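A.B. asks: Sequence:
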Amino acid sequence: MVDALELDKSIFRIGTSKIFFKAGVLAELEERRDALLFDLFSRLQAVARMWTARRQMKKILNRAVAIRTIQRNARIYGELRDWPWWNLYTKVKCTSYIHGTVLSRC
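Using full-length UniProt numbering, the letters of the sequence shown correspond one by one to residues 1 to 106.
Below, simulated EDC-like cross-link-like pairs (lysine to aspartate or glutamate); rule was C-alpha separation at most 20 Å, straight line:
#, residue 1, residue 2
1, 18, 8
2, 93, 79
3, 9, 28
4, 91, 79
5, 9, 30
6, 18, 30
7, 22, 8
8, 93, 82
Label pairs and their calculated CB-CB ranges:
#, residue 1, residue 2, range
9, 11, 47, 32 to 40 Å
10, 49, 83, 45 to 53 Å
11, 71, 32, 52 to 60 Å
12, 78, 55, 30 to 38 Å
13, 32, 56, 31 to 39 Å
Simulated from the structure, these hints should not be mistaken for lab results.
Computed from a predicted model, the values in this text were never measured in an experiment.
Built from N, CA and C at the ideal position, the CB exists for glycine as well.
Modelling step: build the complete structure from the supplied sequences, incorporating the hints.
C.D. replies: Below, the structure is given as structure tokens:
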């Protein structure tokens with residue numbers, strides 16, 4: 001574990017159950033740890049914010065697509081509702097036949 005920290009052998013001693021450091025070494029190790037944790041949590045926070053922003057953007061884009069679809073359908077219906085062939089089609093379409101019997105009538 002101490003080898004992974006790349007410390008000089010003269011600034012620490014390993015006892016039977018503890019590691020002893022010279023003055024200031026432990027503070028430096030804690031600063032290194034804090035810097036690594038800060039970087040790790042900053043990246044985690046950035047990823048979380050990116051994920052929520054993308055999710056929000058998808059919602060906005062889906063709403064925009066839905067609005068355009070509704071507007072397009074309303075525009076088409078506005079053009080067709082007074083057309084005699086459309087009126088005939090909607091009256092014929094509402095009648096459902098199965099084996100010659102009428103199930104429903106609009």
